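Chains as they are written, first to last, in my numbering: chain A, 1 to 493; chain B, 1 to 100.
Rather than coming from a laboratory, the hints here were simulated on the basis of the structure.
All figures in this text were calculated on a predicted structure; none of them were measured in a lab.
From the three backbone atoms N, C-alpha and C, an ideal C-beta is built for every residue, glycine too.
Among the hints, a few may not be true.
Claimed, not checked - Partner residues are not named here, just some residues of chain A that face chain B (Cβ under 8 Å, in silico):
| hint | residue |
| --- | --- |
| 1 | E143 |
| 2 | V151 |
| 3 | F155 |
| 4 | S166 |
| 5 | L181 |
| 6 | S282 |
| 7 | I283 |
| 8 | I393 |
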Amino acid sequence: MNLNPLLEPDWLKAIRPETILVVGGLLLILLEAFFRDTLRRLLAPLAAVILAATAWVVVGMYPWVSDAPRVFFGGTYQISVATIVFDLTFILATLLVIMLSRDYLQRENIDCGEYYALLLWGTFGMMMMAKGLELLVVVLGLETLSVCIFVLVGFHRRIPISNEASLKYFLMGAFATGFVLYGIALFYGATGSTSIPQLLVYFSQNQSAGPLLTIAFILIMAGLGFKLALAPFHGWAPDVYQGAPTPVAAWLSTAPKAATLVVLLRLFAATSPVAEQTKWMSIAAILAVLSMILGNFVAIAQRDLKRMLAYSGIAHVGYMMLAVRTVREDAVAAIALYAVTYVLMNIGAFGVISLLQKNQNDPQTLDDVAGMGFKYPFAGIALTVFMLSLAGIPGTAGFMSKFFVFKVVIDAGDIGLALIGIFTSIVSVYYYLRVVYFLYMKEGDELTPVPVRGAFATGALALAIVGVFVVGLWPMPVFDLFPLAANAIFLGH
Amino acid sequence: MIPTSWFLILGAILFSLGVLGVLTRRNGITIFMSIELMVNAVNLTFIAYARELGSLHGLMWVFFIMAVAAAEAAVGLAIFIALYRHRETIDVDEANLMHW
Numbered sequence: 001m002n003l004n005p006l007l008e009p010d011w012l013k014a015i016r017p018e019t020i021l022v023v024g025g026l027l028l029i030l031l032e033a034f035f036r037d038t039l040r041r042l043l044a045p046l047a048a049v050i051l052a053a054t055a056w057v058v059v060g061m062y063p064w065v066s067d068a069p070r071v072f073f074g075g076t077y078q079i080s081v082a083t084i085v086f087d088l089t090f091i092l093a094t095l096l097v098i099m100l101s102r103d104y105l106q107r108e109n110i111d112c113g114e115y116y117a118l119l120l121w122g123t124f125g126m127m128m129m130a131k132g133l134e135l136l137v138v139v140l141g142l143e144t145l146s147v148c149i150f151v152l153v154g155f156h157r158r159i160p161i162s163n164e165a166s167l168k169y170f171l172m173g174a175f176a177t178g179f180v181l182y183g184i185a186l187f188y189g190a191t192g193s194t195s196i197p198q199l200l201v202y203f204s205q206n207q208s209a210g211p212l213l214t215i216a217f218i219l220i221m222a223g224l225g226f227k228l229a230l231a232p233f234h235g236w237a238p239d240v241y242q243g244a245p246t247p248v249a250a251w252l253s254t255a256p257k258a259a260t261l262v263v264l265l266r267l268f269a270a271t272s273p274v275a276e277q278t279k280w281m282s283i284a285a286i287l288a289v290l291s292m293i294l295g296n297f298v299a300i301a302q303r304d305l306k307r308m309l310a311y312s313g314i315a316h317v318g319y320m321m322l323a324v325r326t327v328r329e330d331a332v333a334a335i336a337l338y339a340v341t342y343v344l345m346n347i348g349a350f351g352v353i354s355l356l357q358k359n360q361n362d363p364q365t366l367d368d369v370a371g372m373g374f375k376y377p378f379a380g381i382a383l384t385v386f387m388l389s390l391a392g393i394p395g396t397a398g399f400m401s402k403f404f405v406f407k408v409v410i411d412a413g414d415i416g417l418a419l420i421g422i423f424t425s426i427v428s429v430y431y432y433l434r435v436v437y438f439l440y441m442k443e444g445d446e447l448t449p450v451p452v453r454g455a456f457a458t459g460a461l462a463l464a465i466v467g468v469f470v471v472g473l474w475p476m477p478v479f480d481l482f483p484l485a486a487n488a489i490f491l492g493h
Numbered sequence: 001m002i003p004t005s006w007f008l009i010l011g012a013i014l015f016s017l018g019v020l021g022v023l024t025r026r027n028g029i030t031i032f033m034s035i036e037l038m039v040n041a042v043n044l045t046f047i048a049y050a051r052e053l054g055s056l057h058g059l060m061w062v063f064f065i066m067a068v069a070a071a072e073a074a075v076g077l078a079i080f081i082a083l084y085r086h087r088e089t090i091d092v093d094e095a096n097l098m099h100w
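From just these sequences and the hints, can you work out the full model?
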């Protein structure tokens, strides 16, 4: 590795979005500390403005990297069209969650500046993961993100299940990190490097990997599988989503998964010359198939909406994993589209649940939304749209992104896997439509919780609904960027 | 000079002991200590490989891993305290409010 401090001339410009996020988070905490009473109501709008500024800077980098990716910090940090697309996905997720959080936090009386700061820093961690060309940078981003999530999950600190969820996520997350690190250590020992481009060069020259690297690969897959909630490493997900404050569950079920999938795409691309790659990819296929089957079938048995969405999330990661494991260039665009879609529809669905006014220590079940559709039309329509999109009904974003994911899988020749995916996603229609059935066909009783509407949450839901239809009917802009994006992830090989 | 493989084997044993501890222990703090053991086994492996390969790269990893482990410990212990306030215990078997 080159240890010369070769700072590229415009390195400050390259990390401008990250700088805004980190400094913005610090600013929020300081404002909270010094002007608690006067500025408290402005914390969420301020966080949204910081995110908007970040998005603006990220978009402004497009002309800079539209021809070729640029790397910084001695080849460890990549800015490219692909990272711009994923950065915007993370920012969109965090923005929606901040808008949903404000009303929720005020109702639950836990409205604090640190909450928004942690969301911003978590977004910073995800950006590092997506941009890191050196596994050290990726791991640091992953840990920044994880530490933020540990705190956010336990943010509802007066209610016991939030504490418990935080404990579970912390122990599981730290355990998984241990596996990732040990896998990387073995990679380092075998290849002498942890930089993704150098791994690619090494593997192009030495194509037989040997058992040690296979073990390393399995360890990394297990660790990242924990973070992705891939079966059989999904055990924490339902409990954590149920216990976490609902907007946090929305955030943690979407954006971090997208960031982890980018890391996997880069890693799989780097190891693609290895002779054992076919064997490794069949391990990934087993995990994906298990996730799709287990996620979709166990979701049927759930009455708690947040747990149902947790199992549905396990299945959705399974679909995305099918595309990632093909290691084809068009998988990058399919994953990007799926990530945006999943952010819109899953955060939207959790958002409607977060409106239900009831004791957060009790589960939010199907009975809680019974009869809501006619009494509260906006919440009803919103939840219906998100459920249809999650089910993959044509016209919605969910259909479009599933279509492209399965197209990639079929083009790669994995017809069997694609069929399993399509079959399990047909099964999933049952439990998504059951929610719609409860919304409109069931009578709610007196105790049915009232969905509370605030301007911010309504705005977030409206934005997500519009997004679901825009992506569903007009997904081409993402695909226009695809050759450039694929080039950046696959390092032009 | 002690051959590198000895350090690697020690690292693998420590890592396995850590995994075993996580899977069998029920006290939250003991589980966390087992995780720390895993992380330190990783550090040992990195140092051993760095000496073998004659590169500083692995040593950089060790510094960052130590910093990350410290950050995790700070947050983790705070979580244990928050849980203890509610439950008067940090036994993970008692943390069973949520079920399938």
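A quick look at each hint next to the structure:
1. E143: Hint on E143 (chain A): holds, closest Cβ of chain B at ~5 Å, below 8 Å.
2. V151: holds (6 Å)
3. F155: This hint is violated: F155 (chain A) lies away from chain B, its Cβ roughly 10 Å from the closest one there, beyond 8 Å.
4. S166: Interface hint status for S166 (chain A): holds (5 Å vs cutoff 8 Å).
5. L181: holds (4 Å)
6. S282: violated (24 Å)
7. I283: violated (19 Å)
8. I393: With a closest approach of 29 Å, the I393 (chain A) hint is violated.
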